[in-house]
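**Student:** Those letters in the sequence shown? Residues 1 to 558, by our numbering.
Some clues are possibly wrong.
[To be verified] Ranges of calculated distance between the beta carbons of each label pair, as one might list FRET restraints:
1) Ala198 to Ala78: 17 to 23 Å
2) Thr206 to Gly390: 52 to 58 Å
3) Gly108 to Asp190: 16 to 22 Å
4) Ser371 to Val523: 26 to 32 Å
5) Ala198 to Arg54: 54 to 60 Å
6) Gly108 to Ala198: 46 to 52 Å
7) Thr297 to Ser371: 43 to 49 Å
[As the list claims (entries may be wrong)] With a Cα cut of at most 25 Å, we get these calculated DMTMM-like pairs of lysine to aspartate or glutamate:
8) Lys435 to Asp466
9) Lys159 to Glu287
10) Lys435 to Asp350
11) Lys435 to Glu391
12) Lys159 to Asp231
In short, the hints are calculated from the structure, not lab data.
Positions of the beta carbon are idealized from the N, C-alpha and C atoms, including for glycine.
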Amino acid sequence: MPAVPSRRALPLAAVALALAAVPASAGAATVAKVGTTLTYTAAPGEKNSLTADRWGADVRFWGSNVLTAGPGCRLSAADAKQVLCDASGITKVSFDLGDLADFVGVFGLGIPVQADGGDGNDELHGDTQADVLTGGPGNDVLRGEGGDDDLQGGLGDDKLLGDAGAAATPGDDDLDGGPGRDLADYDGHDEGVTVDLADPGADGATGEADVLTAVEDVEAPSSYASVLTGDGGPNRLYGSSEADVLRGGGGDDRLQAGDGDDQAFGEAGADVLDGGGGKDALDGGTEDDELSSGFGTEPDTLAGGAGDDVLEGASAGETLDGGPGKDTLDGRDGDDTIMGGDGDDVVETDDGDGADVVGGGAGSDEISYASRGTAVAVTLGAGDDDGAPGERDDLAADVEKVVGTWRDDVLTGGPNADVLEGGGGKDTIDGAGGKDVLRGGGEKDALTGGADDDVLEGDAADDQLDGGPGSDTLRGGTGQDAIDGGTGADVLQGGEGQDTVSYAARAVPVAVDLSAPGGDGAVGENDDVQGDVDVVVGGPAADALTGGAQVGGCDDEP
Numbered sequence: 001m002p003a004v005p006s007r008r009a010l011p012l013a014a015v016a017l018a019l020a021a022v023p024a025s026a027g028a029a030t031v032a033k034v035g036t037t038l039t040y041t042a043a044p045g046e047k048n049s050l051t052a053d054r055w056g057a058d059v060r061f062w063g064s065n066v067l068t069a070g071p072g073c074r075l076s077a078a079d080a081k082q083v084l085c086d087a088s089g090i091t092k093v094s095f096d097l098g099d100l101a102d103f104v105g106v107f108g109l110g111i112p113v114q115a116d117g118g119d120g121n122d123e124l125h126g127d128t129q130a131d132v133l134t135g136g137p138g139n140d141v142l143r144g145e146g147g148d149d150d151l152q153g154g155l156g157d158d159k160l161l162g163d164a165g166a167a168a169t170p171g172d173d174d175l176d177g178g179p180g181r182d183l184a185d186y187d188g189h190d191e192g193v194t195v196d197l198a199d200p201g202a203d204g205a206t207g208e209a210d211v212l213t214a215v216e217d218v219e220a221p222s223s224y225a226s227v228l229t230g231d232g233g234p235n236r237l238y239g240s241s242e243a244d245v246l247r248g249g250g251g252d253d254r255l256q257a258g259d260g261d262d263q264a265f266g267e268a269g270a271d272v273l274d275g276g277g278g279k280d281a282l283d284g285g286t287e288d289d290e291l292s293s294g295f296g297t298e299p300d301t302l303a304g305g306a307g308d309d310v311l312e313g314a315s316a317g318e319t320l321d322g323g324p325g326k327d328t329l330d331g332r333d334g335d336d337t338i339m340g341g342d343g344d345d346v347v348e349t350d351d352g353d354g355a356d357v358v359g360g361g362a363g364s365d366e367i368s369y370a371s372r373g374t375a376v377a378v379t380l381g382a383g384d385d386d387g388a389p390g391e392r393d394d395l396a397a398d399v400e401k402v403v404g405t406w407r408d409d410v411l412t413g414g415p416n417a418d419v420l421e422g423g424g425g426k427d428t429i430d431g432a433g434g435k436d437v438l439r440g441g442g443e444k445d446a447l448t449g450g451a452d453d454d455v456l457e458g459d460a461a462d463d464q465l466d467g468g469p470g471s472d473t474l475r476g477g478t479g480q481d482a483i484d485g486g487t488g489a490d491v492l493q494g495g496e497g498q499d500t501v502s503y504a505a506r507a508v509p510v511a512v513d514l515s516a517p518g519g520d521g522a523v524g525e526n527d528d529v530q531g532d533v534d535v536v537v538g539g540p541a542a543d544a545l546t547g548g549a550q551v552g553g554c555d556d557e558p
């Protein structure tokens, strides 16, 4: 059968560059004919870079070093770095490359090749026949090209390529990575492949029967849809530009989808999934996974599954579902739909400007605008008018915590027990329904508790705290705070600074004793105005106000 040149073989110009890049050594490799085999034996300590091709009726060996012609071969009269051997009767061409990093390229021989790279990071190319390529110790690249090849990576992180797409019939290759992290690369194929690292059966394209052993990673053909499945170890699966299916299996896997509309399933293990381009569906599976839409412009669907997952969208309108576990979700740009799922989840908004729909699900869930440079207004469960002006986020009532920006935010809770944190800026915070916790932040904030038993914390600066109905706890923090517990049995703490507790709106008499715990307010109210309060202001009735150890005063308003 005539030799069939491989489309994946390096161009001669590239080979020439590779040869020129390797300095000649003092030794000289020997090329000889031994029976029906042509042998290339490197000299010790020699870094080999050579090619073998047909030259009329001969096989030509040429490279970067001076060569020695053994029996059955002759040195070229024009070039001491070329040896010619009669190809008649030859059934195999063998390369023993010894130590150091070597390169071998084979072109159009039509004869099986056997190459042993030995030590060093070698690159070995076969031909269209049944070749045996052995990398040896080092990070090697083995290209079988056409034919039923046997590629043995050996010790090190190797890259194994069985066939090129130009082969008339795909070869049934044995790819054995050996110790180290090894990649089976199908990029040269002209059709999609199916590879399952957990199944010892046939892998490759239709009609192909590759056998992969000790291979951890797989790369699909660049332009053909493929199905890649990992095993129980940590795998890396790389998709194509078409619609691929990637399954991690067990182990902590990395699934890198391409530009097509892909499906990627992390399954067991702590996996990392990247959608790349296209309209992708990513499912983390069990354990703590990281899912990213990549840099595509089409909407993806990301499902974290069980575990504490991190989900990140891109510029399109993504759908993110954290699933069970403590998840972190960020839709980024675009009009996203974000569901925290079961567990205590955090939704981050960064500087995304889309109209997002956010639901917390079961658990205590948080949405944070902390990284924003523009003030936000939020009312939980009230529809699609949340976020920055014109943003039109829609935060459901089952979001339990909102963190504002460092600007002047307006935060309003829903009917449930909420935590509202203003951050920096002059914030206006209203707990509305439920037993809420309100925290002001670093500037002059106005906090209103609502109808239930709330906790209000002013933090720094001169804050205004109004507990409203219910048995509330109000803490002024630092600064000169104005505190009004409202009705109910409240605990009123001034904190640092000259703080004022006011009963000025009461029409009935109140009694306050800063030196004794409890029993403050109207009859039966049982407020506890604590001793770190500096000023107490009464109402228009006949109040009884008694100071404590703090320097301050009591004022019974006329």
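**Student:** Look at each hint and say if it fits the structure.
**Tutor:** Now for the hints, and whether the structure bears them out:
no.: 1; hint: Ala198 to Ala78: 17 to 23 Å; in the structure: 55 Å, violated
no.: 2; hint: Thr206 to Gly390: 52 to 58 Å; in the structure: 53 Å, holds
no.: 3; hint: Gly108 to Asp190: 16 to 22 Å; in the structure: 20 Å, holds
no.: 4; hint: Ser371 to Val523: 26 to 32 Å; in the structure: 50 Å, violated
no.: 5; hint: Ala198 to Arg54: 54 to 60 Å; in the structure: 42 Å, violated
no.: 6; hint: Gly108 to Ala198: 46 to 52 Å; in the structure: 38 Å, violated
no.: 7; hint: Thr297 to Ser371: 43 to 49 Å; in the structure: 23 Å, violated
no.: 8; hint: Lys435 to Asp466; in the structure: 14 Å, holds
no.: 9; hint: Lys159 to Glu287; in the structure: 30 Å, violated
no.: 10; hint: Lys435 to Asp350; in the structure: 28 Å, violated
no.: 11; hint: Lys435 to Glu391; in the structure: 28 Å, violated
no.: 12; hint: Lys159 to Asp231; in the structure: 18 Å, holds
Hints 1, 4, 5, 6, 7, 9, 10 and 11 from the earlier list are contradicted by this structure; the remaining hints agree with it.
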